[in-house]
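Going line by line, the protein sequences match chains H and Z.
For the first sequence, the residue numbers in our numbering are 74 to 547.
For the second sequence, the residue numbers in our numbering are 74 to 547.
There could be a bad hint or two in this list.
Note: identical chains are not told apart, hence a pair may lie in one copy or across any two.
Stated by the list, open to error - Mimicking DSS-like on lysine-lysine, the simulated pairs with C-alpha atoms at most 25 Å apart in a straight line are:
{"hint": "1", "residue 1": "Lys537", "residue 2": "Lys449"}
{"hint": "2", "residue 1": "Lys341", "residue 2": "Lys376"}
{"hint": "3", "residue 1": "Lys422", "residue 2": "Lys341"}
{"hint": "4", "residue 1": "Lys415", "residue 2": "Lys341"}
{"hint": "5", "residue 1": "Lys341", "residue 2": "Lys469"}
{"hint": "6", "residue 1": "Lys341", "residue 2": "Lys326"}
{"hint": "7", "residue 1": "Lys415", "residue 2": "Lys495"}
{"hint": "8", "residue 1": "Lys371", "residue 2": "Lys316"}
{"hint": "9", "residue 1": "Lys449", "residue 2": "Lys258"}
{"hint": "10", "residue 1": "Lys184", "residue 2": "Lys537"}
{"hint": "11", "residue 1": "Lys526", "residue 2": "Lys344"}
{"hint": "12", "residue 1": "Lys316", "residue 2": "Lys469"}
What the hints contain is simulated information worked out from the structure, not anything from laboratory work.
2 protein chains.
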Amino acid sequence: MRNLTLLTDLYELTMGQGYFNEGRHEEIAVFDVFFRPHDLITYSVAAGMEQVAEYLENLHFSEDDLAYLRSLGCFSEDFLAYLAALRFTGDVTAVREGEIVFPYEPILSVKAPMIQAQLVETAILTFVNHQTLIATKAAKIVDAAGGGVMEFGLRRAQGADAGIYGARAAMIGGCVGTSNVYAGKLFSIPVSGTMAHSWVMNFESELEAFRAYARSFPDNCLLLVDTYDTLRSGVPHAIEVFKELRAAGHEPKGIRLDSGDLAYLSKKARKMLDAAGFENAVICASGDLDEYSISSLKEQGAKIDSWGVGTKLITSADLPALGGVYKLAAVFENGREIPKIKLSDTTEKITNPGEKEVYRIYDESGMAAADYIVRKGETVDEGSPLELFHPVETWKRMTLERFHARNLREPLVEGGKAVREKLPLSAHAERFRAEKAKFWEEYTRRDLPHIYKVDLSPALHALKTEMVRRGKGN
Amino acid sequence: MRNLTLLTDLYELTMGQGYFNEGRHEEIAVFDVFFRPHDLITYSVAAGMEQVAEYLENLHFSEDDLAYLRSLGCFSEDFLAYLAALRFTGDVTAVREGEIVFPYEPILSVKAPMIQAQLVETAILTFVNHQTLIATKAAKIVDAAGGGVMEFGLRRAQGADAGIYGARAAMIGGCVGTSNVYAGKLFSIPVSGTMAHSWVMNFESELEAFRAYARSFPDNCLLLVDTYDTLRSGVPHAIEVFKELRAAGHEPKGIRLDSGDLAYLSKKARKMLDAAGFENAVICASGDLDEYSISSLKEQGAKIDSWGVGTKLITSADLPALGGVYKLAAVFENGREIPKIKLSDTTEKITNPGEKEVYRIYDESGMAAADYIVRKGETVDEGSPLELFHPVETWKRMTLERFHARNLREPLVEGGKAVREKLPLSAHAERFRAEKAKFWEEYTRRDLPHIYKVDLSPALHALKTEMVRRGKGN
């Protein structure tokens, strides 16, 4: 495992030196990770928590790391000695991977000695921002396609990790496989792939290229038909080879279209395949796809069975970063919580102070009605009616007589030890799938969705209002 | 070093099995990496070659990798045994890092046994696409700022590698430092960083937070002044602490603005600092910056000395992937070159066949006049006039009487061994800076630039035209 302890912004360490000098480095602090809203995000699919837990459990400065920090000339020897022995000893509470989450909710909270909590900010944000981004994009694309989406983006990913962990996140968002062999091995993801244009160019003729491939993969023969001319050359040659395969007792897999007018070509190719008796041969499409082009192709009646989605999935091209932040919520003095708040002229940028929990409120029919952020220790009594109100426009109110409340967060790390069982990706994907079924489509649709409510408990709202009124951070 | 041998698309391996079965896996092939044009790209800054060389030199399948491939059930035992012994034995020719490059130019070519050349496609594209993308984005941002740009994006990067190698690429594009400590150590990049809002929130008052920081860093005191109210609280408190510092014999560094109207705030803060006698205190700005917002701030007369650029740099937010491709250019039969071409109905998608070299043609004044792609082995005679013509609109012609021609590419890997001296990043950054000075600003400006010519030699043009006429791939 790579030692990523230095994967942090320098200011985490300069602040560490400062707290160390002030004798405040072991005061307990609580930081929350949450997202700010964005027009392109209806809901997010949380991911990356497994990497956070691994990173925290493995946190330690090597001799080499310390020598490098010493070379910067801004750290004291006693501080470096302290870092040499430093391990992460705190607690992390977080939503499960695959959980549907919304802006402002603390999806992950770190409670740890100040110096540790500060040091781990950057890497936690990197892992959670990235994987949540890609899981969310995958969910949008899978939603448009209705399934059958393969992640094909490694060559356009922003570095190796973006490809590897992007493939992981894409599976949580509902993809069915990846082209990325490294990710396939690391996370037991189904891998797929057949041939590139270079294969076809490398034989005397397209027909000979197809025959050669069929010789090697008679039972898994999926042919790329657009190297020269899809309808006049590619599909007829594929059908010729499919007939030879069938005569030899093998059933062909299908074809892949990688360019051109995919709606037109897929409809024509479908007819040609059907007419030749290959109704079961699938048509895969690839080439610059995303949720918008897939929606459009489906509206045009494209006959496409599976989708290879690359660049725009693996980079989340229309929104290549989530604005996940890590904000101080509380410090503890002699075990007593001192809530903290970040003020701002922009109301939406004011943070929610104190230690918190997040509940999802389901109505009588079992559908999600709202998320509900409470102060830690508050109970949500399912026996009494629950009044929800908008955190800013407080006159907007709704009362639920009967409901079920589920705490969205569970321990991830306790006393520095990862405490969650490592589940297969399919379990996270299934969690997402099952939870999404509990949301009215009005809340999850891509275009002009209803805004799902994320409300505060009266106690949290009162605390926040009082702190804003006082006008300073504590 | 991580073994990234499996960092490949599955189809590279299925094609490998196919070539192996056909007995053609050791035929020599040449593949070119080049970019297609994009409206947002005036020129690109090549980067990532060092990682390509490391990866190729280290290429080998571990026992574990082979066990995984066996488990997929689509590879033969004799093929897996062949992979077990496989190393990269080919040659790679590439531009240097920091070189300015344009669409269609083969910036990197691989000449290797077919199975190797195919296997390494994906990872080479991942490294070169990513780092060239970020170096190019950094160049645009640095161009707008006129210097003083620090890379601050790790927390929004698409995974750890995106942050680490993104910081590396940003330095090649002209950034002066990074917040990323891991990248700082790995590539000897200057690191910078001071404090977050959480530091300020964590003291009884902003003034006390600033004083505490000044106690720890009296000679490197840069204060974040926007936690509560920049002009009424942050800057006055900073000035108070700066005076205390100066009285104690220390000169303060400056302030950082991270939100609000940076033009207005920086002008007001500058006046306040100057009036208090801190004319040398710098003003750093950060917060959702990119080349467009920086240009706008400068036009408004913002008094900003240095720029911390995060999300939009590290993700290249308006164009998060370069469409770099890897296309078959030739195969060799008994040492004889068989040029290969990828045809397409879209003229711009037709590839340039055969082994090639790329020359940059400088005019008498030493300024870049055009790039000139030739067949390998062609010489460019500086003693005779050179006639350049547009590769499609061939009636557009220009003759240079006197010129200098420089081969843009040099060996990167020979016989599987990395042959380039590993240079400090500053050498690549300097190569870019020096070369950019040889381009008229009309060619490199961001908005509506003149299109720099990338022309073909008559011999290459004739080969291409003939192959297109024949209408198949060879």
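These are the hints, each one checked on the structure:
no.	hint	verdict
1	Lys537 <-> Lys449	within (14 Å within a copy, 71 Å between copies)
2	Lys341 <-> Lys376	within (9 Å within a copy, 62 Å between copies)
3	Lys422 <-> Lys341	between (53 Å within a copy, 23 Å between copies)
4	Lys415 <-> Lys341	between (59 Å within a copy, 23 Å between copies)
5	Lys341 <-> Lys469	neither (54 Å within a copy, 40 Å between copies)
6	Lys341 <-> Lys326	within (18 Å within a copy, 68 Å between copies)
7	Lys415 <-> Lys495	neither (35 Å within a copy, 46 Å between copies)
8	Lys371 <-> Lys316	neither (29 Å within a copy, 67 Å between copies)
9	Lys449 <-> Lys258	neither (40 Å within a copy, 40 Å between copies)
10	Lys184 <-> Lys537	within (20 Å within a copy, 65 Å between copies)
11	Lys526 <-> Lys344	neither (48 Å within a copy, 45 Å between copies)
12	Lys316 <-> Lys469	neither (66 Å within a copy, 50 Å between copies)
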